[in-house]
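Colleague: Here's the letter readout for the chains.
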Amino acid sequence: MDFTDQRTDAVLVSDSGAQTITMEPPPSEDQDRSRRRRRRPQSSAPTKVPWREALRRDRALYLMALLPVAFLVVFRYLPMAGNVIAFRKFRPGGSIFGEEWVGLRYIQMFIHDPTFWHVFWNTAILGGLTLVVCFPLPIVLALLLNEVRKKVFGRAIQSITYLPHFLSIVIVAGMLMQILSLQGTVNQIIGAFGGEAIPFLQRPEWFRTIYVGSEAWQTMGWGTILYLAALTTVDGSLYEAARIDGANRWRQTWHITLPGIRPTMITLLILNIGTFLNVGFEKVLLLYTPLTYSTADVISTYLYRVGLVSNNLSYAAAIGLFQALIGLAMVLSANFISRRVVGASLW
Amino acid sequence: MVTTNAIAPVDPAAGVPVGPRDSRGYRLFTGFNATALVLLCLIMLYPFITLLAQSFSSAGAIKAGQVNVWPVGFNIETYRAVMGDGAFWTSYGNTVLYTVVGTTIAMALTTMFAYVISKRHLRGRNTLIGIAVFTMFFSGGIVPNYVLISSLGMKNTMWSVVLPPALSVFNLLVMKSFFENLPRELEEAAQIDGLGWFGIFVRIVLPLSKAVLATMVLFYAVAYWNDWFSAFLYLDKNDLFPLSLFLRNLIAGASTTATDTAAAVGATKATISANIQAVTMVLAIIPILCVYPFVQRHFVSGVMLGSVKG
Amino acid sequence: MKRDLTTRRTPHLARGLTAFATAVALASLAACSSGGSDDNDSAAESDTAAMSSYAADATFKAKEPVKFSMLWTDWPDNAIKDSWQVFDEIKKRTNVSLDLTNIPFSDATEKRSLLISSGDAPEIIPLTYTGDEQQFAASQSILPMSDYVKYMPNFQKYVKEWHLEAMIDNLRQADGKYYMLPGLQEVSVPTFTLIIRKDIFDQVGAKVPQTWDELRDDLVKIKAKYPDSKPLADGFEGASMLNYAAHAFGTVAGWGFGNGTWYDKASDKFVYAPTTQGYKDMVTYFHGLVEDGLLDTESFTASNDGAGTVTEKFAAGKVFAASGSNGTVNDFATALDATAAKGKYKLIEIAPPGGEAGQVVEPRNFWNGFMLTSKAKDDPHFKSMLQFLDWLYYSPESRDMLRWGVEGQTYTKSGDKYTLNPEYSLKSFNINPDGKTDIAKDLGYSNNVLSDSTESRALKQSYNAPAYVDYIDSVLSTRTPRDPFPPAPLNESELEQSALLATPLKDTVDTNTLKFILGQRPLSEWDDFVNELKAQNLQGYLDLINGAHERFVKEHG
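Listed in order, the protein sequences are those of chains W, Z and D. The opening position of the first sequence corresponds to residue 1 in my numbering, with each subsequent residue numbered one higher. The opening position of the second sequence corresponds to residue 1001 in my numbering, with each subsequent residue numbered one higher. The opening position of the third sequence corresponds to residue 2001 in my numbering, with each subsequent residue numbered one higher.
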């Protein structure tokens, strides 16, 4: 579906078929239109302003950016030099920039390691599933909360749903092990329906479900906060106008609410696509067993086991660079596609 | 003249009263909605109730698996042990300090930078965004960060905990998208009136962004509140430890059946070990529960829009 | 401690950035330091504070007051207090004061590793277990202790007296030197073993099992009376039970798997343990238990921490024998106290059962010791440091003090018997619980950092609960520790290779061991499993280890 042209979509036919509803574009539609015009990807301004004028006109802006950029340089870019150990041999206790150049040795080490590629695909699959499942859920929940009639009720529910975010991973893992044990709640329900108990945590085919399900449970409520903040930026008078024109709640949601939070959705989607390889190390470590290695083992847990023998930070740095490159490529692609298809993007 | 006529705020979460135009389908839907949400709440709430019950239960009952929703063998031993420790209150105070200072610095940096990069006309904007986004993926690792902080002389000071996490690119980009969607007319009107960028930022943009600012304050505050890693790396002195590290330490030390064969010689720490995790969770989350309603109050819309006509 | 937050930051910033930049510049002049032992000797000899006639069993006292830096791990329930006397006592006897750097107990290993890697660690690093030092040996960021033991008479005396020379040899790295000094134990017993409910065993007429076959018969009897139970459980993902069981079958497994090799004396070669008959027999045995419903299968993949499920099953009467240490016994006892079995149950630790390889238990082991960072060498009082550490870690006088305090004040000793004076308590071992002053919490003796490492048999048994003493006695009188394997230390690049070869092999072993035991894979496929290992370059891995072994024998005899 296309959120782009609110004008055309405003011509609706209701379910009963009798009425044709036209929506008068409310005053703020002007800004939507002008926003749309500016969305064309070519340039953000009609002509490129020469530097001297840019500095003069936007002097305050550049000054405001000075401190944050300096911060990033000192606290993020300076330590990045440490990544050079991916190409130099690092000895714990020796120089932090490594001892000698070894070139692509560590890169080749993981490229030729078949186990690495297996865990890489596990990571990608887990990350992808998490993204697909856990991205829409907060949106749905935010919309549902939006429909709650009593304000207080809605707020109370929202406060409760974010609680799981604060549970430590150890506690969550412990709870999962209890619920999924042979005598646990889930198996009791299965038994009540006459089925046989399943040792969920010992079966590789169940791991992904368990992981993604618990991620959804933990992140759903916290994720709504941002969307609720976004919902407040939607002009209330749009709803008024729509109601006057006879649009029911569902249409209002589709044509006002969702487009209203679209910028937030797109930002979050692109960012989440970029970080999809960051599958939680601790959670997998606590939940996996050798029986489930085939689906559960991810890059970070594999590295952990390799590192138990020889603490090879150079190898870890090489793999880290690889993951970072993929993430960056994903973000750039997602941004580009988003700009082409939807017209909005991060930059 | 810029007039900001405040329209009576319409809270979308207040919903729309069911009226003659709302179909039966919608009424059914709201019924289902309410039920589903309540069920959801139960699923979310149940673990906490269990944790709360465990925190007040006796060690034996917990280890025997008898605690479900109500405490068994009610006692406040562990609470007393944890909160009676002077170090607990010191670390609590530290956390409050780090959180307040950290959030302030983080908000200042993030809002300014987000505002700057939200200006599409700005020359070099894409470079600035790129500088930020790049740091999301590439980081130096523990040892280089440690050496940096050490070289800057920040070890064992508050700054080693407060400064490094102070700019989250994620928050930055989200805030940028909010700023980008503010109506340009307001800013243009202000410019005509002679306000510079910074003035617009402070007088127009910030007041209109209460919801996202409140959200970011919440996000940063929670991140600082729970952060134990920076303290673990850069602080050596116990009296500088934040609560999160203090509690983590407590849990680790209380484990009597650690697989590390070292820790298991002859220790009887049964009482504390059984529910230390539950107690620490409860203690850590209470402040957030108290603060959150204040944040929610800012999720009210509509002050800005429709106020500029012509 | 709230410092003045507003000043000092900017000038420090500039200075700090320069310092960082200098570090970068210096690092690019990659120079690997490796001090020759001649430098060390002359440095040591010029120490003015060292005793000239320091000998074993004598008190070390520095000729002038000296200060050494030491890493101290903070146990949260045993934090350093102002009332602590142990450091004053040390200073009084030896003229040495300790400058402590505290690290939290949680993640202590990571923090220690970070400190050493960034060059920021203090001179003395206690709580070092064998193997911890390996990653730092190659970069020479810690000192080769074997070069300095000539200054340490107590260490040498007790290594000889307690027959630990072969084990010390096993600490040698590829260059023939060892880089840490361990805690010496006159006797050592497995920390983790089988805990049984003696009352239930008695009830069904099962005697304390001496072998795994006897255990099986006992379990069958218990199951007959309690058909709903799965009487045997592990609770440590199977790794604990497989560890202490493996020795009875003549192999290594679980926590004791190490690098997976087994030394075959006859051929003087290392083979891969899972390919041996002993390993297969062990797996077959446990599979048999699973088939007959005698083994709780969940406990072989779940861990006891947090959920504590085996503890719960113990309390619920579903499990009557499980793996654990004396800390686990306390856990089980606490849980059982909350049930109807209170007052009726009896928990004991039994010596690990024997098997086809004999009544064999794990080889003797060391306990935690210490290593020295390379900056210790530059300390002008280096020789005193060595003598001090020798006294602190290995002299009976110091060991008594670190465990019991001051003779006459906190305890009295007659023969091998130590008695804590009535006003003092040692609550962590349940001694004199009513005493006013706790020698551990209030005075700092019996602390976890220094007090555990070296112990004579008498000292070890002096503070442990009678049940544990019985356990020690039963192991020492009825079981034989297996001989340790000869050393086969890898050099740096070999370590890198072995990490990448060993991990997939171990993963295959772990996965399939569980599958065979739990019945997910039929034992008839055992040979397929061995072939899968071979296909993962098992031979290359073994060649690496055997090559290192031959090289060590050739170079160091």
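A couple of the hints might just be wrong.
Covered by chain W, per the in silico footprint, the following chain D stretches (three or more residues, Cβ under 8 Å) [what the hints assert, rightly or not]:
# : segment
1 : 2133–2146
2 : 2499–2511
3 : 2514–2523
Some chain W residues near chain Z, calculated using beta-carbon distances under 7 Å [claimed, not checked]:
# : residue
4 : Ala54
5 : Leu328
6 : Met330
7 : Phe336
To be clear, the hints were calculated from the coordinates, so they are not data collected in a lab. Each residue gets a CB set at the ideal place from its N, CA and C atoms; glycine is no exception.
Colleague: Next step is simple, just say for each hint if it's right about the structure.
Modeller: Against the structure, the hints come out as follows:
1. Given as covered by chain W, the segment 2133–2146 of chain D passes the check, having 8 residues with a CB less than 8 Å from a CB of that chain where 3 are the minimum.
2. Counting residues of the segment 2499–2511 of chain D whose C-beta lies closer than 8 Å to any C-beta of chain W gives 9; at least three are required, and the coverage claim holds.
3. With 4 residues having a beta carbon nearer than 8 Å to a beta carbon of chain W, the segment 2514–2523 of chain D meets the requirement of three or more and the stated coverage holds.
4. With a cut of 7 Å, the hint placing W/Ala54 at the interface with chain Z holds, because the nearest CB-to-CB distance is about 4 Å.
5. For W/Leu328, the interface hint holds, the least distance from its beta-carbon to any beta-carbon of chain Z being 5 Å, beneath 7 Å.
6. Taking 7 Å as the C-beta contact cut-off toward chain Z, the hint placing W/Met330 at the interface is violated, the least distance being around 9 Å.
7. Residue-level restraint check for W/Phe336 is violated (minimum Cβ-Cβ distance to chain Z is 13 Å; threshold 7 Å).
Going through the hint list in order, the structure does not satisfy hints 6, 7.
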